[in-house]
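Student: Sequence:
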Amino acid sequence: MNDTECSSPGIYTLGKILRTKIIAVHQLQKSGETLWLRILGRGQVQKEVIEELRNLSVENPLRFNVLELVYNLLTMLELNRGLEPEDRELIMELSPLYLERLENATQKGRQEGKYIQSVATTIKQ
2 MNDTECSSPG IYTLGKILRT KIIAVHQLQK SGETLWLRIL GRGQVQKEVI
52 EELRNLSVEN PLRFNVLELV YNLLTMLELN RGLEPEDREL IMELSPLYLE
102 RLENATQKGR QEGKYIQSVA TTIKQ
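Here the sequence shown stands for residues 2 to 126, where the numbers follow the numbering used here.
Any given hint could turn out to be false.
[Claimed, not checked] Keeping only pairs whose Cα atoms sit at most 20 Å apart, straight-line, the calculated SDA-like set for lysine to any residue is:
id, residue 1, residue 2
1, K109, P62
2, K109, N66
3, K22, E49
4, K48, F65
5, K22, W37
6, K31, M77
7, K48, E87
8, K48, L84
9, K48, Q28
10, K31, G11
11, K115, N105
12, K31, Q47
13, K22, S9
14, K48, S119
15, K48, R89
16, K109, K125
17, K31, E49
18, K31, G16
19, K109, F65
20, K31, E53
21, K48, S58
22, K31, Y13
23, K48, L74
24, K48, L70
25, K48, G11
26, K48, K22
27, K22, I12
28, K48, E101
29, K31, L15
30, K22, T35
31, K109, A121
32, K31, N56
[As the list claims (entries may be wrong)] Okay, the calculated beta carbon distance ranges per label pair:
id, residue 1, residue 2, range
33, G33, K109, 34 to 40 Å
34, K31, S96, 22 to 28 Å
35, I51, R20, 28 to 34 Å
36, S119, R43, 47 to 53 Å
37, K115, E85, 42 to 48 Å
38, E60, T123, 27 to 33 Å
39, T123, P86, 53 to 59 Å
40, N105, E79, 20 to 26 Å
It should be emphasised that the hints constitute simulated quantities derived from the structure, not laboratory data.
In this text, all values refer to a predicted model and were calculated from it rather than measured experimentally.
Glycine included, C-beta positions come from ideal geometry on N, C-alpha and C.
Sequences are here, hints too, so could you generate the full structure?
Tutor: Following this line, the structure appears as structure tokens:
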């Protein structure tokens with residue numbers, strides 16, 4: 002066994018004593034499990050992940066969670082030091098997906114509100 006060992010594509014272990022792993026985002030397998038890390042990549046890697054997010058169902062919790070966390074991260078970065086041009090591009094790419102999520106949540110809230118109102122009306126009668 003050598004000092005640098007690849008446990009799976011894109012994940013390298015630097016000796017057991019160091020307890021350190023290096024992630025090569027562009028080498029990770031394309032799966033839902035690696036989407037979290039690949040979204041932090043740059044260029045083509047990031048574009049592929051955005052396309053994967055677009056193809057996920059609006060109701061998919063992975064899509065919901067990734068969009069929420071990325072937006073929170075980018076908001077904090079912008080507040081602390083401003084955004085790099087690539088980060089601004091990421092926001093522009095993800096904005097339609099994030100807005101779609103917010104619109105769906107708003108619509109769902111309205112539907113639940115109407116349902117609660119109809120139940121309350123029925124109970125009063």
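Student: Hey, K109 versus N66, does the alpha-carbon distance stay inside 20 Å?
Tutor: holds (18 Å)
Student: Do the alpha carbons of K48 and G11 lie within 20 Å of each other, as the hint requires?
Tutor: Answer holds: K48 to G11 is near 18 Å, not above 20 Å.
Student: Against the 20 Å threshold, does the CA-CA distance of K31 and Y13 hold or violate the hint?
Tutor: holds (17 Å)
Student: Check the hint pairing K48 with S119 against an upper bound of 20 Å on the C-alpha distance.
Tutor: violated (45 Å)
Student: When you take the CB atoms of K31 and S96, is the distance between them in 22 to 28 Å?
Tutor: holds (23 Å)
Student: Going straight from one Cα to the other, do K115 and N105 come out at no more than 20 Å?
Tutor: holds (15 Å)
Student: Does K31 pair with G11 here, judged by a C-alpha cut-off of 20 Å?
Tutor: holds (11 Å)
Student: Does the Cβ distance between I51 and R20 fall inside 28 to 34 Å?
Tutor: holds (33 Å)
Student: When you check the alpha-carbon spacing of K22 and S9, does it fall within 20 Å?
Tutor: holds (11 Å)
Student: Would the pair K48 and L70 pass a check requiring their Cα atoms to be no farther apart than 20 Å?
Tutor: Holds, at about 17 Å.
Student: Take a quick look at whether K48 and E101 sit within 20 Å of each other, Cα to Cα.
Tutor: It holds: about 19 Å lies between the C-alpha atoms, which stays within 20 Å.
Student: With the threshold set at 20 Å, check whether the alpha-carbon distance from K31 to N56 stays at or below it.
Tutor: The given pair, whose Cα atoms are some 14 Å apart, holds under the 20 Å limit.
Hint compliance for this structure: hints 3, 6, 14, 16, 18, 26, 29, 33 are broken, all remaining hints hold.
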